[in-house]
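*Asks:* Spelled out from the first residue to the last, the chains are:
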Amino acid sequence: DGGITQSPKYLFRKEGQNVTLSCEQNLNHDAMYWYRQDPGQGLRLIYYSQIVNDFQKGDIAEGYSVSREKKESFPLTVTSAQKNPTAFYLCASRPSLGGVPEAFFGQGTRLTVV
Amino acid sequence: AQSVTQLGSHVSVSEGALVLLRCNYSSSVPPYLFWYVQYPNQGLQLLLKYTTGATLVKGINGFEAEFKKSETSFHLTKPSAHMSDAAEYFCAVSEGGTNAGKSTFGDGTTLTVKP
Numbered sequence: 001d002g003g004i005t006q007s008p009k010y011l012f013r014k015e016g017q018n019v020t021l022s023c024e025q026n027l028n029h030d031a032m033y034w035y036r037q038d039p040g041q042g043l044r045l046i047y048y049s050q051i052v053n054d055f056q057k058g059d060i061a062e063g064y065s066v067s068r069e070k071k072e073s074f075p076l077t078v079t080s081a082q083k084n085p086t087a088f089y090l091c092a093s094r095p096s097l098g099g100v101p102e103a104f105f106g107q108g109t110r111l112t113v114v
Numbered sequence: 001a002q003s004v005t006q007l008g009s010h011v012s013v014s015e016g017a018l019v020l021l022r023c024n025y026s027s028s029v030p031p032y033l034f035w036y037v038q039y040p041n042q043g044l045q046l047l048l049k050y051t052t053g054a055t056l057v058k059g060i061n062g063f064e065a066e067f068k069k070s071e072t073s074f075h076l077t078k079p080s081a082h083m084s085d086a087a088e089y090f091c092a093v094s095e096g097g098t099n100a101g102k103s104t105f106g107d108g109t110t111l112t113v114k115p
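Chains W and Y, in that order, are what the protein sequence lines are.
Just so you know, we're using the numbering used here here: the first sequence kicks off at 1 and counts up by one.
Just so you know, we're using the numbering used here here: the second sequence kicks off at 1 and counts up by one.
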């Protein structure tokens with residue numbers, strides 16, 4: 001089945017450590033996105049990529065980094081510089097040019113800093 | 001710049017009653033508008049979308065929404081609530097084209113359905 005897979009579903013990290021969240025899609029979509037979700041605040045865009053080897057900062061990119069070496073994969077690294085990393089992280093994708101305008105979402109990764 | 005305001009962070013209805021979730025948007029260009037539903041600890045699922053054409057849009061699970069340009073609104077309705085409708089609902093706007101996936105989301109409305 002086609003879709004977006006995020007792993008792991010739950011992740012615990014000690015303060016001061018970097019951690020990488022995985023996002024893989026087999027929908028052949030060009031564009032991929034990372035959102036952060038906090039209670040009562042909706043979704044905020046962290047980074048997005050519309051093509052391999054290119055990505056752009058979103059609204060809250062500080063303390064995060066990404067790479068887009070393959071079309072299928074868009075991993076997100078939460079660095080120790082992110083002051084408040086505990087949140088629910090959602091990855092999404094869509095065809096870039098033409099096609100449907102809505103994004104398709106993964107099931108999310110809940111990151112907790114302990 | 002685009003923005004979304006969802007009126008009411010929590011809405012409670014009885015089973016069988018009308019569901020009305022309110023969304024107002026602002027956009028400098030003709031918008032694409034979306035409603036998504038999210039169940040606990042899961043991703044977002046598209047309920048319906050407006051791009052162009054007919055302003056009354058029908059979606060999955062009996063939901064529909066009407067795009068009203070003069071009121072900059074895109075309210076979500078369902079004639080009769082079901083217990084399974086209890087979830088969080090997000091309204092989103094995007095500019096379309098290559099930026100269509102770069103949506104701005106509202107803060108969400110949690111729908112509770114009472115038996």
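In short, the hints are calculated from the structure, not lab data.
Everything numeric in this text was worked out from a predicted model, so none of it was measured.
From the three backbone atoms N, C-alpha and C, an ideal C-beta is built for every residue, glycine too.
Among the clues, some could well be false.
Part of the chain Y face toward chain W, derived, beta carbon under 7 Å [unchecked claim]:
#: 1; residue: Y39
#: 2; residue: P40
#: 3; residue: L48
#: 4; residue: Y50
#: 5; residue: T55
#: 6; residue: K58
#: 7; residue: K102
#: 8; residue: F105
#: 9; residue: D107
#: 10; residue: T109
*Asks:* The structure should be examined with respect to each hint, and the outcome stated for every one.
*Replies:* Evaluated hints:
{"no.": "1", "hint": "Y39", "result": "10 Å, violated"}
{"no.": "2", "hint": "P40", "result": "10 Å, violated"}
{"no.": "3", "hint": "L48", "result": "9 Å, violated"}
{"no.": "4", "hint": "Y50", "result": "10 Å, violated"}
{"no.": "5", "hint": "T55", "result": "16 Å, violated"}
{"no.": "6", "hint": "K58", "result": "15 Å, violated"}
{"no.": "7", "hint": "K102", "result": "6 Å, holds"}
{"no.": "8", "hint": "F105", "result": "4 Å, holds"}
{"no.": "9", "hint": "D107", "result": "4 Å, holds"}
{"no.": "10", "hint": "T109", "result": "10 Å, violated"}
Violated hints for the displayed structure, listed by number in ascending order: 1, 2, 3, 4, 5, 6, 10.
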